[in-house]
Amino acid sequence: MKKLLLPFLFCFLSVLSKAQYGEYDTVKAGPPFKIFDNLYYVGNDFVSSYLLVTDEGLVLLDATYGKYPVHILQSVKELGFDPMQIKYIFCTHAHYDHFEGADTLQKITHARVGMTDYDWKVADGTIYNEYASKTVKMKRDWTINDGDSLKLGNNVLHFYVTPGHTPGVLSLAFKVYDGKKSYTAFMFGGIGQNFTGVKQTQLYLNSVNRLLKMKNLSVNITNHPGAGNIFEKAEKLKNRKPNTQHPFVDAKGFKEWLLGLKKDALKKLKLEHKKSQMASQLKETNI
355 MKKLLLPFLF CFLSVLSKAQ YGEYDTVKAG PPFKIFDNLY YVGNDFVSSY LLVTDEGLVL
415 LDATYGKYPV HILQSVKELG FDPMQIKYIF CTHAHYDHFE GADTLQKITH ARVGMTDYDW
475 KVADGTIYNE YASKTVKMKR DWTINDGDSL KLGNNVLHFY VTPGHTPGVL SLAFKVYDGK
535 KSYTAFMFGG IGQNFTGVKQ TQLYLNSVNR LLKMKNLSVN ITNHPGAGNI FEKAEKLKNR
595 KPNTQHPFVD AKGFKEWLLG LKKDALKKLK LEHKKSQMAS QLKETNI
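In our numbering, the protein residues as written are 355 to 641.
There could be a bad hint or two in this list.
List time: in silico DSS-like cross-link candidates among lysine-lysine, alpha-carbon distance up to 30 Å [stated by the list, open to error]:
#1 Lys535 <-> Lys567
#2 Lys590 <-> Lys567
#3 Lys606 <-> Lys535
#4 Lys622 <-> Lys569
#5 Lys461 <-> Lys553
#6 Lys621 <-> Lys587
#7 Lys606 <-> Lys616
#8 Lys534 <-> Lys388
#9 Lys617 <-> Lys628
#10 Lys569 <-> Lys629
#11 Lys606 <-> Lys595
#12 Lys505 <-> Lys488
#13 Lys617 <-> Lys629
#14 Lys590 <-> Lys431
#15 Lys567 <-> Lys534
#16 Lys569 <-> Lys529
#17 Lys461 <-> Lys431
#18 Lys505 <-> Lys461
#19 Lys529 <-> Lys431
#20 Lys382 <-> Lys431
#21 Lys382 <-> Lys534
#22 Lys529 <-> Lys621
#23 Lys553 <-> Lys569
#24 Lys637 <-> Lys609
#25 Lys535 <-> Lys441
#26 Lys569 <-> Lys441
#27 Lys609 <-> Lys569
#28 Lys488 <-> Lys567
#29 Lys629 <-> Lys535
#30 Lys590 <-> Lys621
#31 Lys505 <-> Lys553
#32 Lys475 <-> Lys505
#33 Lys388 <-> Lys569
#34 Lys388 <-> Lys475
#35 Lys382 <-> Lys441
#36 Lys441 <-> Lys488
#37 Lys609 <-> Lys622
#38 Lys529 <-> Lys616
#39 Lys553 <-> Lys431
Source of the hints: derived by calculation from the structure; they are not laboratory data.
Throw the hints in and build the complete structure from the sequences for me.
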């Protein structure tokens with residue numbers, strides 16, 4: 355029965371996905387791959403989803419959208435894990451491409467779904483957001499606050515509210531293992547600057563500055579693969595020679611990446627201030 359369920363769901367969700375996103379949705383979902391001993395990529399070529407393996411169950415980081423949650427389940431199975439062992443799903447924010455699939459995944463696996471207060475309000479339709487799902491309204495499950503943590507066996511997930519991309523962006527830190535070596539991986543939940551306004555831009559800048567002050571961040575796990583060259587690094591990992599540096603471990607590169615985001619945010623902040631001043635002047639002219 356379970357073998358028949360996933361193909362049926364994939365076909366059903368494909369129809370819904372096409373209805374919502376149209377023919378332009380040319381996203382491709384390739385095979386999953388291992389990044390670290392306890393971390394795997396199970397997303398597509400547009401939006402990331404990661405499988406974190408712990409002693410106390412499986413964790414999904416971001417849930418994708420449309421038909422792709424079924425691809426996640428198929429990928430988990432292909433990697434040799436039981437999808438029904440997914441205990442937690444953490445969504446970085448409630449834009450459709452990161453959150454929408456949580457509804458399907460929770461109904462199948464009965465996993466807990468965690469997100470911040472603001473983005474739960476987007477997810478359940480209380481707050482309007484132009485990037486929210488048009489088809490899924492989800493009842494609030496686990497509300498995560500800044501500074502919360504979750505211990506699962508030999509790993510601890512640390513949660514941070516890093517507003518900007520949305521006012522409730524969730525970011526996460528956790529340990530990844532490469533043989534006997536361990537590193538701190540970090541997932542900044544709101545990379546894009548596709549928002550407007552001085553206030554929200556300043557929030558984004560504050561969040562980036564906060565991340566720049568954090569220590570021991572050496573693995574950049576981005577929620578869109580293109581933002582962190584995930585596939586390029588995976589190709590290098592595939593061809594990695596023994597006793598050489600893991601291509602995903604790059605503390606210096608991580609900091610430079612954050613500095614790049616900061617530079618862009620500072621430019622945007624100046625632009626938003628100019629737009630705000632022009633709007634004020636126009637309002638005074640029309641009085």
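- Starting from Lys617, check that the Cα of Lys628 is at most 30 Å away, please. Status holds; Cα separation ~17 Å.
- 30 Å limit on alpha-carbon distance, applied to hinted pair Lys505 and Lys553: violated, 34 Å
- Query: Going straight from one Cα to the other, do Lys388 and Lys569 come out at no more than 30 Å?
  - Reply: holds, 25 Å
- Take a quick look at whether Lys529 and Lys621 sit within 30 Å of each other, Cα to Cα. violated, 34 Å
- Taking only the CA atoms, is the gap from Lys609 to Lys622 under or equal to 30 Å? holds, 20 Å
- Are Lys590 and Lys621 close enough, with their CA atoms no more than 30 Å apart? violated, 33 Å
- Message: So if I understand the rule, the pair passes when the alpha-carbon distance is 30 Å or less; does Lys569 with Lys529 pass?
- Response: holds, 13 Å
- Going straight from one Cα to the other, do Lys629 and Lys535 come out at no more than 30 Å? violated, 49 Å
- Query: Is it true that the CA of Lys529 sits at most 30 Å from the CA of Lys616?
  - Reply: holds, 25 Å
- Message: With the threshold set at 30 Å, check whether the alpha-carbon distance from Lys617 to Lys629 stays at or below it.
- Response: holds, 19 Å
- Task: Could you grab the alpha-carbon distance between Lys553 and Lys569 and see if it respects the 30 Å cut-off?
- Result: Since the Cα atoms of Lys553 and Lys569 sit roughly 27 Å apart, the hinted pair holds (cutoff 30 Å).
- Do the alpha carbons of Lys529 and Lys431 lie within 30 Å of each other, as the hint requires? holds, 23 Å
Against the hints set out earlier in the document, violations occur for numbers 5, 10, 12, 21, 22, 24, 28, 29, 30, 31, 34, 39.
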